[in-house]
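Heads up: the protein sequence lines correspond to chains A and B, in order. Residues 1 to 145 (the UniProt record's numbering) make up the first sequence, in order. Residues 1 to 168 (the UniProt record's numbering) make up the second sequence, in order.
FYI, nobody ran anything at the bench for these hints, they're computed from the structure. Each hint should be verified, as a subset may be incorrect.
Some chain B residues judged to face chain A by a derived CB distance under 8 Å, without partners named [as the list claims (entries may be wrong)]: (1) M1; (2) K3; (3) K14; (4) F39; (5) I49; (6) M62; (7) G101; (8) M104; (9) E110; (10) T111; (11) L112; (12) K153; (13) T154; (14) Y163; (15) Y165.
Away from chain A, derived, C-beta distances all over 12 Å, residues of chain B [unchecked claim]: (16) D15; (17) R19; (18) E37; (19) N51; (20) Y52; (21) T61; (22) D69; (23) R70; (24) L137.
Simulated crosslink set (DSSO-like; lysine-lysine; CA at most 27 Å straight-line) [claimed, not checked]: (25) B:K47 - A:K53; (26) A:K72 - B:K53; (27) B:K53 - B:K41.
For clarity, every value in this text was computed on a predicted model and none was experimentally measured. Don't be surprised by glycine CBs; every beta carbon is placed ideally from N, CA and C.
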Amino acid sequence: MESVKIKQLLEAYFEGATSISEEKMLQDYFNNEKVADNLVQYQPIFVALKAAKEERSTMVFNLPETKPQTSKKWWYSVAAILVVAFGVGSFYFSQPSYTQEEKEALATFEKSKRAMMLLSENFNKGTERLTFVGQFERTKDKIFE
Amino acid sequence: MEKTEFLALTMPFKDKLYRLAKRILVSKDEAEDAVQEVFLKLWKGKKNIENYKNPEAFAITMTKNYCLDRLKSKQASNLKIVHSNYQTSENVEKNIEANDGVEMVFRIMETLPEQQRIVLQLRDVEQFEFSEIAQMLDSNETAVRVALSRARKTVREAMIKKYNYGIG
Numbered sequence: 001m002e003s004v005k006i007k008q009l010l011e012a013y014f015e016g017a018t019s020i021s022e023e024k025m026l027q028d029y030f031n032n033e034k035v036a037d038n039l040v041q042y043q044p045i046f047v048a049l050k051a052a053k054e055e056r057s058t059m060v061f062n063l064p065e066t067k068p069q070t071s072k073k074w075w076y077s078v079a080a081i082l083v084v085a086f087g088v089g090s091f092y093f094s095q096p097s098y099t100q101e102e103k104e105a106l107a108t109f110e111k112s113k114r115a116m117m118l119l120s121e122n123f124n125k126g127t128e129r130l131t132f133v134g135q136f137e138r139t140k141d142k143i144f145e
Numbered sequence: 001m002e003k004t005e006f007l008a009l010t011m012p013f014k015d016k017l018y019r020l021a022k023r024i025l026v027s028k029d030e031a032e033d034a035v036q037e038v039f040l041k042l043w044k045g046k047k048n049i050e051n052y053k054n055p056e057a058f059a060i061t062m063t064k065n066y067c068l069d070r071l072k073s074k075q076a077s078n079l080k081i082v083h084s085n086y087q088t089s090e091n092v093e094k095n096i097e098a099n100d101g102v103e104m105v106f107r108i109m110e111t112l113p114e115q116q117r118i119v120l121q122l123r124d125v126e127q128f129e130f131s132e133i134a135q136m137l138d139s140n141e142t143a144v145r146v147a148l149s150r151a152r153k154t155v156r157e158a159m160i161k162k163y164n165y166g167i168g
C-alpha cells in the first residue's frame, strides 16, 4: 500500500478518528509489509499492539464446587411433611376397629350400663325419702326426752 | 447453570480479561490473581450472568473495577509493583531492529494514566468498538475517543523522540 494513504490513516489514527477496519489495515501494514523509511518510527507501536494481543495466561482457573443448597432445603421440608403425616396417620389408624361380635358386646354393655344408672337413680330417690325418716326420728327424740 | 456451561461461556474471553488486568496491574501474578477473583465472582453470581446481554462486556467491567481497586489499595499501602515481564511474540523476535522500540512502547504504555491505558488496551489491542468501550467503562464515546487520542499521541511523542535523537 502506498505510504501516502498510510500517512493519512496515521493522522486520523492519532486523532482517534479511525475505524476498526482502518486500524487493522495499519496494523497489517506495519507488521507484514516493507515499511517506508519516513514511517519507520511508527512501526514499533503497531508491532507492540499486535504482540500485546498474543499474550495468553497459562494459569488454570478453578471454581469451587458449589453444592446446590436449595435442593437440600427442599429435602428437609419433604422429610418434615413425612414425619407429620406419619404421626397423624398412625394416630388415626391406631383407633381400634371393632368386629361385629365386639360391637354387639359393646351395645349390650351400654344397655346394661343405662339399666344400672336407672337403678342407681331410683336408689338415690329412696335415700332422699329416707331423710324424712331421719327428721321424724329427731323430732320424736325432742318430744320424748 | 452447570460448571461446563459456565466455562463454555466465560473461557473465550479469559485471555482478554488477563491482558486487561496485566495492562492495569503490570505484574503477571497480580493479573492472574485478579482474573481468578473475577471468575469466582462471576461463578457466584452465575444466576445473574445470563440476564446480561453481553457477559464479556460485563466481565471486562468487573475486571477493570477490581484492578483499579487493587491499584488504589496498593498505592494506599505504598507498595510498588515489581515487574520484569515483557512478552514479545515470535514476530517481534524476528524483527530485531524494531524490538528495542517495541519494548519502549510497552514501557510508555505503563506510564500512561490508568484510564488511557485501559482505553488503549480495549481499542488497540482487543479492537472493541467505541460504543462497546463506552458501555464497559460507563462513559461516553467522546470521552473514550479523547482518552484514546491522548494515549496514542503520548506513545507517538516518545517514538518520534527516540527516532530523532536516538534515545532508547
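Hint-by-hint comparison with the structure:
1. A cut of 8 Å between beta carbons decides the hint on M1 (chain B): the least distance to chain A is about 11 Å, and the hint is violated.
2. Using the Cβ-Cβ criterion of 8 Å, the hint placing K3 (chain B) at the interface with chain A is satisfied: the shortest such distance is roughly 6 Å.
3. Given hint, K14 (chain B) at the interface with chain A, holds; its Cβ is 7 Å from that chain's nearest Cβ, closer than 8 Å.
4. Given the 8 Å rule on beta carbons, the hint for F39 (chain B) holds: about 5 Å separates it from the nearest Cβ of chain A.
5. About 13 Å separates the beta-carbon of I49 (chain B) from the nearest beta-carbon of chain A, more than 8 Å, and the hint is not met.
6. The restraint placing M62 (chain B) at the interface with chain A is violated, with a minimum CB-CB distance near 14 Å, outside the 8 Å limit.
7. Taking 8 Å as the C-beta contact cut-off toward chain A, the hint placing G101 (chain B) at the interface holds, the least distance being around 3 Å.
8. For M104 (chain B), the interface hint holds, since its Cβ comes within 8 Å of a Cβ in chain A; the closest pair sits about 7 Å apart.
9. Because the beta carbon of E110 (chain B) sits about 12 Å from the nearest beta carbon in chain A, more than 8 Å, this interface hint is broken.
10. The interface hint given for T111 (chain B) is violated, since its Cβ lies 14 Å from the closest Cβ of chain A, which is over the 8 Å cut-off.
11. Because the smallest distance between the Cβ of L112 (chain B) and any Cβ of chain A comes to about 13 Å, over 8 Å, the interface hint for this residue is violated.
12. Interface restraint check for K153 (chain B): the shortest CB-CB distance to chain A comes to about 5 Å, inside 8 Å, so the restraint holds.
13. Hint on T154 (chain B) is violated. Least Cβ distance to chain A is approximately 10 Å, over the 8 Å limit.
14. Interface hint at Y163 (chain B): satisfied, since its Cβ lies 4 Å from the closest Cβ of chain A, which is below the 8 Å cut-off.
15. Checking Y165 (chain B) against chain A by beta carbon gives a least distance of about 11 Å; that is not within 8 Å, so the hint is violated.
16. The non-interface label for D15 (chain B) is inconsistent with chain A: the shortest C-beta to C-beta separation is roughly 5 Å, within 12 Å.
17. Distance check on R19 (chain B): its Cβ comes as close as 5 Å (rounded) to a Cβ of chain A, failing to clear the 12 Å threshold; non-interface status is violated.
18. Not every CB of chain A lies more than 12 Å from the CB of E37 (chain B), the least distance being 10 Å, so the non-interface label is violated.
19. At the 12 Å boundary, the C-beta of N51 (chain B) stays outside the reach of chain A, the nearest C-beta of that chain being 18 Å off.
20. No Cβ of chain A approaches the Cβ of Y52 (chain B) within 12 Å, the least distance being about 19 Å, so the stated non-interface status holds.
21. Residue placement check: T61 (chain B) keeps its beta carbon more than 12 Å from all beta carbons of chain A (closest about 19 Å).
22. For D69 (chain B), the requirement that its beta carbon stay farther than 12 Å from each beta carbon of chain A is met, with the minimum near 20 Å.
23. With a least beta-carbon separation of about 17 Å from chain A, R70 (chain B) lies farther than 12 Å from that chain, consistent with its non-interface assignment.
24. With a least CB separation of 15 Å from chain A, L137 (chain B) remains clear of the 12 Å interface cut-off, as annotated.
25. Using a Cα cut-off of 27 Å, the hinted pair K47 (chain B) and K53 (chain A) is violated, with the two alpha carbons roughly 31 Å apart.
26. Proximity of K72 (chain A) to K53 (chain B) is assessed by CA-CA distance (about 31 Å); at most 27 Å being required, the pair is judged violated.
27. At most 27 Å may separate the alpha-carbon atoms for a hinted pair to count; K53 (chain B) and K41 (chain B) meet this at roughly 18 Å.
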